[in-house]
Amino acid sequence: DTEVTQTPKHLVMGMTNKKSLKCEQHMGHRAMYWYKQKAKKPPELMFVYSYEKLSINESVPSRFSPECPNSSLLNLHLHALQPEDSALYLCASSQDSRSYEQYFGPGTRLTVT
Amino acid sequence: AQSVTQLGSHVSVSEGALVLLRCNYSSSVPPYLFWYVQYPNQGLQLLLKYTTGATLVKGINGFEAEFKKSETSFHLTKPSAHMSDAAEYFCAVRPWFAGGTSYGKLTFGQGTILTVHP
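Quick mapping for you: the protein sequence lines, in order, are chains A and B.
Taking the numbering used here, I'd label the letters of the first sequence as residues 1 to 113.
Taking the numbering used here, I'd label the letters of the second sequence as residues 1 to 118.
If we strip away everything but chain A, and leave its shape as in the complex, we get (with noise of 0.2 Å):
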């Protein structure tokens, strides 16, 4: 099993909810990673996670909120988002952090009006 899900696969939400994207792989990677993808951009690396503590934190704002419950759960909790936050939201793993092939899930596209 080579895949990474992502839930929900579409997400709108109000300046003031609170919403959390669930990412979840089953292929024994102790490394994961967030990723922000505005419209006609590559990929920006947001957060990344190995053996399930943060490693990296490419300074995102705090109304993003990553949890890493074990090694196969990556959640990003939301809160207070602005409009400009609207944008794919892809999440990958890797054997580890060293490793050099992420598998990367399909994204959940979020929504904040």
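No wet-lab data here; the hints were simulated from the structure.
Some clues are possibly wrong.
Computed footprint of chain A on chain B; a stretch qualifies when at least three of its residues, placed anywhere within it, have a C-beta under 8 Å from a C-beta of chain A [as the list claims (entries may be wrong)]:
hint : stretch
1    : 30-43
2    : 46-52
3    : 107-114
Mimicking DSS-like on lysine-lysine, the simulated pairs with C-alpha atoms at most 25 Å apart in a straight line are [claimed, not checked]:
hint : chain 1 : residue 1 : chain 2 : residue 2
4    : B       : 69        : B       : 58
5    : A       : 22        : A       : 41
6    : B       : 69        : B       : 49
7    : B       : 69        : A       : 38
8    : B       : 105       : B       : 68
9    : A       : 53        : A       : 40
10   : B       : 58        : B       : 105
11   : B       : 105       : A       : 53
12   : B       : 105       : A       : 38
13   : A       : 41        : A       : 53
14   : B       : 105       : A       : 22
15   : A       : 36        : A       : 22
16   : A       : 9         : B       : 58
17   : B       : 49        : B       : 68
18   : A       : 36        : B       : 105
19   : A       : 19        : A       : 53
20   : A       : 40        : B       : 105
21   : A       : 9         : A       : 36
22   : A       : 9         : A       : 40
23   : A       : 36        : B       : 58
24   : A       : 40        : B       : 49
25   : B       : 105       : B       : 69
26   : A       : 18        : A       : 38
Remember, predicted model here, so these are calculated numbers, not experimental data.
Virtual Cβ for every residue (Gly too), placed ideally from N, Cα, C.
Please arrange chain B on chain A, whose structure you already have, making use of the hints.
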């Protein structure tokens, strides 16, 4: 520091024609190089990668790329385009060692949208 430049944000070819998508990189250390494909509203799929060894790398769907160190290039080619190849393609680089702030970090080019005409 590392960066990736993809020449041409849009490339249009006829079905059956050669596909050539250009990628040049800048890296202070020997890099790993990748091509990813992204279909509309989907995630990224790895097409091929160069790590070490043979500089001509074959990937999925008939694509291949050649690492040319002297030209700092990693252009993607396919001899005969198919309608199903229409997508956005991203070249990406990461250093061959993972340490410090470059730990696990892929740097992507701006992407090239490939259109295939019948």
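Quiz item: Which hints, by number, does the structure contradict?
Solution: 7, 9, 13, 16 and 23
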